[in-house]
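Participant: In case you want the letters, here they are:
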Amino acid sequence: MPAMNMIQAVNSAMDIMLARDNDIVIFGEDVGYFGGVFRATEGLQKKYGLDRTFDTPIAEAGILGVAVGMGAYGLRPVVEIQFADYIYPALDQLVSEAARLRYRSAGEFTSPLTVRVPCGGGIFGGQTHSQSPESLFTHVCGLKTVIPSNPYDAKGLLISAIEDDDPVIFFEPKRLYNGPFDGHHDRPSGIWANHPLGEVPADYYKIPLGKANIVREGKDVTILSYGTMVHVAQCATEETGIDAEVIDLRTLLPLDIDTIVESVKKTGRCVIVHEATRTSGFGAELSALVQENCFYHLEAPIERVTGWDTPYPYSLEWHYFPGPDRVGAALKRVMEG
Amino acid sequence: MKNTANSGLHVPEPTARPGDKVDFSYIAIPPAGSVRMPDTAVDPSEIRDLCYDLIRVMDENGQAVGPWNPKLSADDLRRGLRAMTLTRVFDDRMMRAQRQGKTTFYMKCTGEEAVAVAQGMALRRDDMCFPTYRQQGLLIVRDWPILDMMCQVFANTKDRLKGRQLPIMYSTKEGAFFSISGNLATQTSQAVGWGMAAAYKHDQRIAATWVGDGASAEGDFHHALTFAAVYQAPVILNLVNNQWAISSFQGFAGGDRTTFAARALGYGIPGLRVDGNDFLAVYAVTAWAAERARAGLGPTMIELFTYRASAHSTSDDPSKYRPADEAACWPLGDPIDRLKKHLIALGEWSEDQQKALEEELTEYVTKTAKEAESYGTLDQGVAPSPATMFEDVYKEMPWHLRRQRQEAGI
Ligand SMILES: Cc1ncc(C[n+]2csc(CCOP(=O)(O)OP(=O)(O)O)c2C)c(N)n1
Ligand SMILES: [Mg+2]
Numbered sequence: 001m002p003a004m005n006m007i008q009a010v011n012s013a014m015d016i017m018l019a020r021d022n023d024i025v026i027f028g029e030d031v032g033y034f035g036g037v038f039r040a041t042e043g044l045q046k047k048y049g050l051d052r053t054f055d056t057p058i059a060e061a062g063i064l065g066v067a068v069g070m071g072a073y074g075l076r077p078v079v080e081i082q083f084a085d086y087i088y089p090a091l092d093q094l095v096s097e098a099a100r101l102r103y104r105s106a107g108e109f110t111s112p113l114t115v116r117v118p119c120g121g122g123i124f125g126g127q128t129h130s131q132s133p134e135s136l137f138t139h140v141c142g143l144k145t146v147i148p149s150n151p152y153d154a155k156g157l158l159i160s161a162i163e164d165d166d167p168v169i170f171f172e173p174k175r176l177y178n179g180p181f182d183g184h185h186d187r188p189s190g191i192w193a194n195h196p197l198g199e200v201p202a203d204y205y206k207i208p209l210g211k212a213n214i215v216r217e218g219k220d221v222t223i224l225s226y227g228t229m230v231h232v233a234q235c236a237t238e239e240t241g242i243d244a245e246v247i248d249l250r251t252l253l254p255l256d257i258d259t260i261v262e263s264v265k266k267t268g269r270c271v272i273v274h275e276a277t278r279t280s281g282f283g284a285e286l287s288a289l290v291q292e293n294c295f296y297h298l299e300a301p302i303e304r305v306t307g308w309d310t311p312y313p314y315s316l317e318w319h320y321f322p323g324p325d326r327v328g329a330a331l332k333r334v335m336e337g
Numbered sequence: 001m002k003n004t005a006n007s008g009l010h011v012p013e014p015t016a017r018p019g020d021k022v023d024f025s026y027i028a029i030p031p032a033g034s035v036r037m038p039d040t041a042v043d044p045s046e047i048r049d050l051c052y053d054l055i056r057v058m059d060e061n062g063q064a065v066g067p068w069n070p071k072l073s074a075d076d077l078r079r080g081l082r083a084m085t086l087t088r089v090f091d092d093r094m095m096r097a098q099r100q101g102k103t104t105f106y107m108k109c110t111g112e113e114a115v116a117v118a119q120g121m122a123l124r125r126d127d128m129c130f131p132t133y134r135q136q137g138l139l140i141v142r143d144w145p146i147l148d149m150m151c152q153v154f155a156n157t158k159d160r161l162k163g164r165q166l167p168i169m170y171s172t173k174e175g176a177f178f179s180i181s182g183n184l185a186t187q188t189s190q191a192v193g194w195g196m197a198a199a200y201k202h203d204q205r206i207a208a209t210w211v212g213d214g215a216s217a218e219g220d221f222h223h224a225l226t227f228a229a230v231y232q233a234p235v236i237l238n239l240v241n242n243q244w245a246i247s248s249f250q251g252f253a254g255g256d257r258t259t260f261a262a263r264a265l266g267y268g269i270p271g272l273r274v275d276g277n278d279f280l281a282v283y284a285v286t287a288w289a290a291e292r293a294r295a296g297l298g299p300t301m302i303e304l305f306t307y308r309a310s311a312h313s314t315s316d317d318p319s320k321y322r323p324a325d326e327a328a329c330w331p332l333g334d335p336i337d338r339l340k341k342h343l344i345a346l347g348e349w350s351e352d353q354q355k356a357l358e359e360e361l362t363e364y365v366t367k368t369a370k371e372a373e374s375y376g377t378l379d380q381g382v383a384p385s386p387a388t389m390f391e392d393v394y395k396e397m398p399w400h401l402r403r404q405r406q407e408a409g410i
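These protein sequence lines are chains W and H, in that order.
Counted from 1, the first sequence has number 176 at position 176 by my numbering; the numbering is strictly sequential.
Counted from 1, the second sequence has number 380 at position 380 by my numbering; the numbering is strictly sequential.
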């Protein structure tokens, strides 16, 4: 199997889908000739033509508005929002339109769109190139939210997202594009070629939405995580020597509740890790679900390790980022509790 | 790759990509001095043609001609030349600092210096500016200390923004320079709101805002035009058409169909289109718009027609999407060279003086950069104290942030 980094994996998914389905069109700021500022669509315009992968005006509301219109016609738009931090102008089209079209037309009109959104920090991007706004979208009924943590999952999940008949927000943790990242920013970064999940089949395959992945089995505590934080959680597990079961949720909505409940019932403890801010973050939903479903199995309070409730501070990035030390401390607390 | 006859969906394409011969033949350049200058009280409907023309003052010989000649004193012209040159030297130095790892990011305004510098000179020192990331010349022409700007770029202990913002996202209330946002075009309607507030208070100050050709596609810019027109706000809406928005040529913002200045027409706002590399023309149109706004005659939109000669930012490589020699072929020249030529033609400047000025400014910038570096650079980790991270989220820190600060142990 070829080694791919996460950009190549995402590119491969789109390449395959453009070839398979003429109704798929890809567009966004700088995605056409240039191939995107992260190069995720590199080569696609050349291969499939100007009208299948193209640049757009810088207007996120417009990008999503025309995507909804194309979807209503029957196309399957795959759009890129250059950074998650720039998705806000498009919120009305996503929240009021794409998310509810099926419901309000009683299924006559649908929004089979995929919105690819580079997210997360760790690249010194400052307040406007670092955000993780996933919980804004999981809060909206009608949207699906996906966040892969490695190239293999990214490709399989993106193909599922593109084929899905509902609107999918597909977050891509940009710190993971070139290699896995365990949160130790002061050490050399890994590369995907050296990671088992950097081996990606060249052909079509799918990973179903709504299916979590247990990346490490353990019996002491369950760590619920996604995106970049999966790697941080694994690192904290190794460093503390605590036998944690690390679950990569992969899809936040629909959520794989069965895998979560089964694991927490087994371990009796739960630590939730995400990079996004804490208050009303997705961890709050997870915590509530675990409490509702596993209360009588819990041996310690559920812990959340998250970004602080401040904007992402440019130069203080590594004081902000919830690294392995903070996750490790939470693991120790729940074990003592 | 070209649109074929049977490809139903039209997708714009620039005239040249890497490897192609540069082609700017589609740009019509009227002679300097050929465009009329209306009274500032003119009805916008009477000057529709100015949205499609190109206001120019300096001719090929460096002479200032025509009704838009602002007739600046030689001292003012030298001041403008100095500020533009300083801007360029400053940019080069900060770009080098980024390459040396002293900061992570930088954005130059090379080739566009006349925009911010001439406009900053035509505005009053306390007129409120709502810029993008490419108007550092406003601060420089307002004599804002470059040391302060450098400390922001290095996110060091003297960074007035406490290391919270990307380099170049300056903010200074005292400098009447609004906090730059990373989110494109948001500043445009804010500028209109500031202007409305000034009008409400019978304040003599006006607002000015800048937006790129690319970012003008955002809804915010259109909200700005609507509100400015409805409330006749004392605001100047500047659209800097530097032909590129990262890798997207101006056709993706609608520039293939009409001029950007013509956007103003649909809103009943006067639109002026100006040679953005002509310092005198830029000064003159800005002074005209400022006079109009200050007299209570309402907003003006100005398209500044220029060229982004450098990369979009230090993260960008333009050789991937435009011909390498495109900047050199730009038909409207370089703003610094052109103003220099004009001053020399007036007998008020010489090549030797320009050389001496460049040397003086290079020395000044180098010396100032050394001082700024002595307060820390990003790679040295001399960042502002981590405890400051929790401040200014709210006026008073709520319990949950206090608790988080405690948890952070700082
Ligand atoms: C809302 C939003 N969308 C996208 C971006 C990413 N972005 C930053 S600069 C830029 C290009 C802007 O081009 P233009 O407005 O022409 O200004 P120029 O860089 O040419 O000065 C883009 C797409 C952003 N910062 N904000
Ligand atoms: Mg531009």
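None of these hints come from the bench; they were simulated from the model.
Be aware that one or more of the hints could be misleading.
[To be verified] Simulated pairs of lysine-lysine, DSS-like, Cα-Cα distance not exceeding 25 Å: (1) H/LYS158 x H/LYS201; (2) H/LYS173 x H/LYS158; (3) H/LYS395 x H/LYS21; (4) W/LYS206 x W/LYS266; (5) H/LYS173 x H/LYS395; (6) H/LYS21 x W/LYS47; (7) H/LYS320 x H/LYS158; (8) W/LYS47 x H/LYS158; (9) W/LYS46 x H/LYS395; (10) H/LYS162 x H/LYS370; (11) H/LYS21 x H/LYS158; (12) W/LYS46 x H/LYS158.
Please read these numbers as outputs of a predicted model, since none were measured by experiment.
Participant: Each hint needs a verdict: does it hold in this structure or not?
Facilitator: Now for the hints, and whether the structure bears them out:
1. H/LYS158 x H/LYS201: violated, 35 Å
2. H/LYS173 x H/LYS158: holds, 17 Å
3. H/LYS395 x H/LYS21: violated, 57 Å
4. W/LYS206 x W/LYS266: Roughly 29 Å separates the two Cα atoms, so the pair is violated.
5. H/LYS173 x H/LYS395: Within the cut-off at roughly 18 Å; holds.
6. H/LYS21 x W/LYS47: holds, 23 Å
7. H/LYS320 x H/LYS158: Since the Cα atoms of H/LYS320 and H/LYS158 sit roughly 37 Å apart, the hinted pair is violated (cutoff 25 Å).
8. W/LYS47 x H/LYS158: violated, 51 Å
9. W/LYS46 x H/LYS395: Violated, at roughly 52 Å.
10. H/LYS162 x H/LYS370: Given pair H/LYS162, H/LYS370 holds - Cα atoms ~20 Å apart, limit 25 Å.
11. H/LYS21 x H/LYS158: Violated, at about 47 Å.
12. W/LYS46 x H/LYS158: Cα-Cα ~48 Å, so violated.
Of the numbered hints stated above, those contradicted by the structure are hints 1, 3, 4, 7, 8, 9, 11 and 12, listed in ascending order.
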